[in-house]
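Chains as they are written, first to last, in this note's numbering: chain A, 1 to 244; chain B, 1 to 244.
Warning: the hint list may mix true and false statements.
Note: identical chains are not told apart, hence a pair may lie in one copy or across any two.
Said to hold, decoys possible - With a straight-line Cα cutoff of 20 angstroms, these simulated SDA-like cross-link-like pairs (lysine to any residue) come out: (1) K36 to Q21; (2) K180 to G59; (3) K109 to D179; (4) K142 to R210.
Hint data in this document are derived by calculation from the structure and do not stem from the laboratory.
There are 2 protein chains.
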Amino acid sequence: MRNVKLIIEYDGTNYHGWQKQKNAKTVQDTIESAIKGLTGEKAELTGASRTDFGVHALGQVANFKTDSNIPGDRFSYALNRILPDDIVIIESQEVSPDFHARFKSKGKKYRYLIYNSRFPSAILRNRAFHVSYKLDFESMKKAASYFLGTHDFSSFRASGSSVKTSVRTMTDVLLERDDKIIKFEISGDGFLYNMVRIMVGTLVDVGMGRINADDIPKIIESKNRKSAGRTAPAEGLYLVEVYY
Amino acid sequence: MRNVKLIIEYDGTNYHGWQKQKNAKTVQDTIESAIKGLTGEKAELTGASRTDFGVHALGQVANFKTDSNIPGDRFSYALNRILPDDIVIIESQEVSPDFHARFKSKGKKYRYLIYNSRFPSAILRNRAFHVSYKLDFESMKKAASYFLGTHDFSSFRASGSSVKTSVRTMTDVLLERDDKIIKFEISGDGFLYNMVRIMVGTLVDVGMGRINADDIPKIIESKNRKSAGRTAPAEGLYLVEVYY
Chain A
1 MRNVKLIIEY DGTNYHGWQK QKNAKTVQDT IESAIKGLTG EKAELTGASR TDFGVHALGQ
61 VANFKTDSNI PGDRFSYALN RILPDDIVII ESQEVSPDFH ARFKSKGKKY RYLIYNSRFP
121 SAILRNRAFH VSYKLDFESM KKAASYFLGT HDFSSFRASG SSVKTSVRTM TDVLLERDDK
181 IIKFEISGDG FLYNMVRIMV GTLVDVGMGR INADDIPKII ESKNRKSAGR TAPAEGLYLV
241 EVYY
Chain B
1 MRNVKLIIEY DGTNYHGWQK QKNAKTVQDT IESAIKGLTG EKAELTGASR TDFGVHALGQ
61 VANFKTDSNI PGDRFSYALN RILPDDIVII ESQEVSPDFH ARFKSKGKKY RYLIYNSRFP
121 SAILRNRAFH VSYKLDFESM KKAASYFLGT HDFSSFRASG SSVKTSVRTM TDVLLERDDK
181 IIKFEISGDG FLYNMVRIMV GTLVDVGMGR INADDIPKII ESKNRKSAGR TAPAEGLYLV
241 EVYY
């Protein structure tokens, strides 16, 4: 069987996340249905990241096995003709049989958009987290810089989730403001469940003066979810890229 | 009666334009209904620009007369609680009785977004014009610069439309590229029907090599709609600001 890799952009607003589940429309089963429509095969799609309900992707990666003779780079064209317009295969290619979108991933990049204005945005609804309070951007920037490097990020992991280790390395952190839009971008070798959303919720608490920017190292050291800030909503989060 | 000015952001995707019409939902009648729900009055809303089906606004301006005693700056809060989330009143204030959103306007600023990539964008669907051809950006930039200044823009006016004069002055023209997104912004003292969309269609024809950038002055001089390029679709157009 051949192994095909897909790079996928989607608007997560109308999907119950990436992963297949009963009685709910998800991105994974929508693409699997399109593959079945195209090849007749019941393919199992492996995604790099199980994005939650409402989370968007600019570069989710997935792979599936096929016996069809459609050239790897043609799957994007063929699937886009079948898929709804809130899911787009931006690239497809045949890869080696051992490629696994999730296990072979070396890191990921996420983006989070905050819309900081008195009223929500009509254009960016479902695309950004609306915060009406005035935010102290310089403090947020300082706070964000503490995420860089290798840390045990237990304080930034949804309680109840479990993994072998909660040590992760963040290689790039960026916080930019352009008028009403604050953009947070972070790259790392892996992310715990809800990690980016808790980081952003904490940055917003810093911006509002509820948390001191220089307390971030202490919050990290505490390894306690309760010492960090709120979980920012799904709608502002974008999976930008998966590294291999 | 008091005169109230509104600044309005809307996602035009689900509206048959600004202006009220029979058997179709428009932005104007949606806001008029909200005002009626709030004040009980049947207000007539005067908009600065009659945006078409699918066109968006970041700063449409409108005014209406009212006998209610709601303070001018509270209308935004009260109306936003009633309005659907694709229409947001970003500012409201009481203005002098002679303020008229349309007749007192001294100029407008429009933005147009082109998404230049092999496949359409899931995130920017209904928000940008998808062009899959490779575009020569430098030529487009050169072409756009010819729009600056005072010209008879008959070549960039939808055929069939009529106004007293088709001479307009463009005070600012900008064309920027950020990866796949090309942003065109233009400010002027007035715009003919479909003018920005025909300008953008012409710029895309320049980018594709169908029209030479240096032929724009000749196209303007011809005062003939047929010498300009295609009309770009509504979905990429944003009314950014109205000047008074």
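- Message: Treating 20 angstroms as the Cα threshold, decide for K109 and D179: within, between, both or neither.
- Response: Between. Shortest inter-copy distance 17 angstroms satisfies the 20 angstroms Cα cut-off; intra-copy 23 angstroms does not.
- Query: Given a CA cutoff of 20 angstroms, do K36 and Q21 count as a within-copy pair, a between-copy pair, both, or neither?
  - Reply: within (17 angstroms within a copy, 44 angstroms between copies)
- Message: At most 20 angstroms between CA atoms: does that hold for K142 and R210 within a copy, between copies, both, or neither?
- Response: For K142 and R210, only the intra-copy Cα distance (15 angstroms) is at most 20 angstroms; the inter-copy one is 50 angstroms.
- Evaluate K180 and G59 at a C-alpha cut-off of 20 angstroms and name the case that applies: within, between, both or neither. between (25 angstroms within a copy, 14 angstroms between copies)
Every hint, counting from the list given before, is met by this structure.
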